[in-house]
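Whenever a hint applies, use it, and build me the whole structure from the sequences.
Each chain, letter by letter, is given below.
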Amino acid sequence: MHGRIKVRTSEEEKAKKEKERQEKLKFFKHAMQKIQSKRKEGEEDDEQLGIIEKVLLANPDIYTLWNIRRDILSNFKKIKSEEEMVKLYDSELTLTEYCLKVNPKSYCAWHQREWVLVNRSDPNWKKELDLCNTYLKIDERNFHTWDYRRFVVGQCKPPLQDEFDYTTEKLYDNFSNYSAWHYRSKMLVELYPDLEGGRPIQDSHHKHELKMVQSAAFTDPDDTSAWFYQRWLLGAVKEYLNNNIQLYINDECVNGEWESCTGYEYDDLWILKHSHKILTKSHIKVEYIMNNNGKQSIVCNEYQPLVYIGKSEISFQNQYSKPVVEELNDQLDSCRQLLALEPDNRWTLLTTTVFLHCIDPKLHHLEVIDNLQRLKKLDYQRAGYYNDLISMWSIEQQLQNDYNENIDKFHIRFGEKLTSLPHLQYYSFCQTVDLSNQELTSRILPTLIKLQHCKILDLSNNKLTSLDGFPALQLEQLILKGNEIKEEDIASFKEKHCVTKIII
Amino acid sequence: MDDDLPTDFQVIVVGTGMVESIVAAACSRIGKNVLHLDSSDHYGGLWASYNFEGLQKFIKEINSDPNRQLQVYNLIEKWYIDKDSPQEETKQETEEEKTEPPKKIWSQADFASEYRKFNIDMTPKLLFSRGPLVELLISSNIARYAEFRCVTRVLTWLNDKLNPVPCSRADVFATEAVSIVEKRMLMKMLTSIVGYNEEEMDNEFKDWTDKSFKDYLTHKGLTPNLIHYVLYAIAGGSDAMPCLEGVRECKKFLMSLGRYGNTPFLWPMYGSGELPQGFCRLCAVFGGVYCLNRPIDSVETKTGDEGKEIVVIGSKSKNLNCDHLVIGINECPKDLLSSEPSESSDISKAIFITNGTIMPSEKEPLTLLRFPPLDEGDNPVTVLEVGPATGSCPKGLFAVYFITNKVKDAESDLMKYAEKIFDMTGDQTKAGDKPTCLWSLFYNVKDVSAGVRDGVETVHVCAGPDAGLDFDRAVIQSEQIFKKICPGEEFLPRAPDPEDIVFEDDVTHGPEFRGDEGDKE
Amino acid sequence: MEDYKFLFKVVLVGNAGVGKTCLVRRFTQGLFPPGQGATIGVDFMIKTVEVDGEKVKLQIWDTAGQERFRSITQSYYRSAHALILVYDISCQPTFDCLPDWLREIEEYANNKVLRILVGNKTDREDREIPRHIGEDFAQRHGMYFLETSAKEAENVERLFMEIAVELMEQAKCKELPKYDGSLGPINGKTSSETSCCLRS
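Residue numbers (this note's numbering), protein chains in the order written: chain A, 567 to 1070; chain B, 244 to 764; chain C, 4 to 203.
Honestly, the hints are just simulated from the structure, not real lab data.
Warning: the hint list may mix true and false statements.
Said to hold, decoys possible - Chain A is faced by these chain B residues, among others (derived, beta-carbon under 7 Å): (1) F416; (2) A417; (3) I423; (4) V424.
What the hints assert, rightly or not - Reference listing, derived: stretches of chain B covered by chain C, where coverage requires no fewer than 3 residues with Cβ under 8 Å from a Cβ of chain C: (5) 386–399; (6) 738–746.
Keep in mind the model is a prediction, meaning the values are calculated, not measured.
Ideal Cβ positions, reconstructed from N, Cα and C, are used throughout, including at glycine.
Here is the structure:
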């Protein structure tokens, strides 16, 4: 017909596609066979590289083939001239580039690139960095590229400020980018470390970052990447003690083995196994070196005969500088304005709550708890998260008082129901622990390991359904009434644990 | 050579403006035998882009032909710079002085010698990234004939200065011009407008049908800053803009975000004049016959042998016959047009060539600036600034287009807006914050639409350029005309990619290539 | 899989009937179409060739008959990497028109475009333009020169291969082609990240 040209119909197109597919399959099978037989014969030559290349171009994710290539190249390195190797490495890089075009998230192709650059004598890191930036232009969120880029940066060491600016640029393109926020935090810590301790970065930058992240949060509250970054900024830097803890009894250095009660590498409750005998009226102190090399010493007082307790300062209040607190107050104001406009907006309410808590947890405690209770209703899918926040922040308030009052019993003195048991290590010396009438489920049972000195434990009227995971403790009395635990569970519990008295 | 021209066609199209070219392409695409004529030596008619020489020729033609002034009038061309460059001082620069080359001082002679590097649009328009023209270019596969650049920023005139408009998510995040609470309000307004479906629209705006968009925004608690951004810059409206129209304009703007760049707009490389040519190329590829420099003298309709109506066109003492004539309104003999009073509105336009951008930026900007009316009775003014990277002008220069609905005449409608952003003294040595205007052209264009005389079913009249920002009206009108000519046929189905075409083997094979190895298919 | 590294746009111009379409089809399909006129609906033809082990895709554009009444669209010349100007060695008028074509090329094509003058139909017995006249003309206007016969497949492959080699060389001199911000075709079908862009 005039004016109509013949194009393949969908049937023909399908047949053609199928034919192509079959041919590809045939080629693939043939090539894989050939590769394997050559491998067996030890024919590690250019031909092998050529065949493998053809297969990889179609499917870059066959690890084995990349391994063979590395083998061959490593052997070539022993016999070929530097000049020849440069050519081979170059074409290897070209190959990975093609493969990354096929699959930008190919683990093996990225890895091969890394291997080539590390192994050749003349790596061009600048060019690599440009390549990464080109890829990130196409997909700014590809974490493979970010990963690889960090590796390249580690090699060519561009100015940190440039790298920091790069994250700014990428975030201004699109701030829904966990990788960029994360990298930014790393750069900040390097560029502007906080010398005072306790804060992630220097004040001036801290304030700027808070502004930036709030701008993101207000622009798109549904994007979580900014929230994570905000939490990092607001968080305190915890001090970790290494092995630099020394115990002295009557000024005599006590040696022994520190053991974590959970058996983890990092823990917040450690037990020293030693062979010293502890007498009454001993002078016991603990010394440790802090990260800033300062020496801290804690004297332990005798609570009861043969029980000595030492306490360091305890504070859950993050230490912010004045300008940062001012900034936080400003941001709190903005949030309150917004809340007046949209009282039911859950993220505004949550941010408000986080700010309140950060600025002064004690002063704002009631308002914080109140907000969290409202959030549970507005955002019931995250009710568990809010419950855990309530538990943690309530216990933090009580803990301050308990610590000052030298009590040796632990019982809950606030109305909110606990769903989790944070900070339990601070009560590890208590002999009587009353956790009755809470909303604890069986998932919290393993954390009870922290109650190392507990003799009487009241878990009555909770939501326990089984006793799986109950740790080995030297309990005299365990009260379990008001839970829905099966008879047989209790029976098997009794077999495993020697508790003098179990009240059901 | 003209004598070769065949005389019988199914469709003859006269004029190569946007509407005519789309219709020509659509007819040819489905197999109609098409002849496409233009009286001038270039494509596009009033939709054309000219180099500087072509532009001078165009101005001369208009000024010397009263007939053409019915459509384009009030032409005022102005130079702000000298005819020739001052005698080059003998350069005795040392190496150090060379680091910062002095800004080029342009003369009229420089424009003449670089005339080819200009592509000045008579009808500058942007394409919404999800607007009807972009969709048509893609669905018809005509997109391959053109290249585009993204508009890099949207500006507005606020508090007596230029301000970037935060219009995308990234902009809102980055801007420091609005408070944090405003950011939330703006994002909320924009996301809700984008999110409404028709039903929700009806519901949300049922009490707003007779109120203004400004009232609505005020009611929603937006601050004056935000109202300015949304109303004047994003919706491109004025205080009187009806609420629903404002919402629709906003929605169109927002829906086009995020497809190609940071703004919703595309600009065609080498100017809008390339676009009708793309459609003409497709028409030709499907067998359309092209003949420029071919004015027509007469149009008659008559009834042929079998009672079929045919249109006879007289051109260079030759009669050309067709079933359907598609003709630009300005080419159309008046006696064919309906005697009913035609709707007409007039557009005021201006073109400026300047020696720098209105707001410097890191990379060469491509700008849409929307002015709210500065004085009572004015209409909003649209400004487009394009630089060398678009192929519009030589390096170092910018072409800036102003468009508004006419109130008095182009110069009095637009000069005061130009003065806000340009230095009009012609002084190129000053290092002010405004770029210097080197050359300008003001003109008015009549936008007439008219139907054909009753009883004539075979002649279809195409409107000229309109004042709209995008090509919506041209696309819609051309589809309507096509449906009348070819009822039931598909409008510009996708042209096949060369890879998918099957060549009939009705050809004799010549000898095989010698030495052609490895490329057998 | 589109595994070519470079994509070049080559356009042909010259009077009607000098054999432009035949050159293209001879090169891309290895055949010589009889009769007149371009095939309806064919926009450009594609052939991938190999230069120094690298795949180069040539997109070869024909005039779509618009040359018949000297009405080629300007946009046809835009972003061409190479331009082949063809005349018929057995037809003086097609040679006489060359200056007109050159004027059009200068007006609309990039000034760095690779230009080749081709005298086609060397198979014809009735030559009117001696080879050296064509050569002279090409030299004066800074063009490459080649005589071909699409019918006999003479020099056709050489013509396009030399274009591919030359364009590759130019592209390589520029190191990595910089992304210049132009979107290229908006449907993204023919654009390739590594496609080379010679436009300045």
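Structure-based check of each hint:
no.: 1; hint: F416; result: 4 Å, holds
no.: 2; hint: A417; result: 5 Å, holds
no.: 3; hint: I423; result: 5 Å, holds
no.: 4; hint: V424; result: 5 Å, holds
no.: 5; hint: 386–399; result: holds (count 8)
no.: 6; hint: 738–746; result: holds (count 7)
Consistency note: the structure conflicts with none of the earlier hints.
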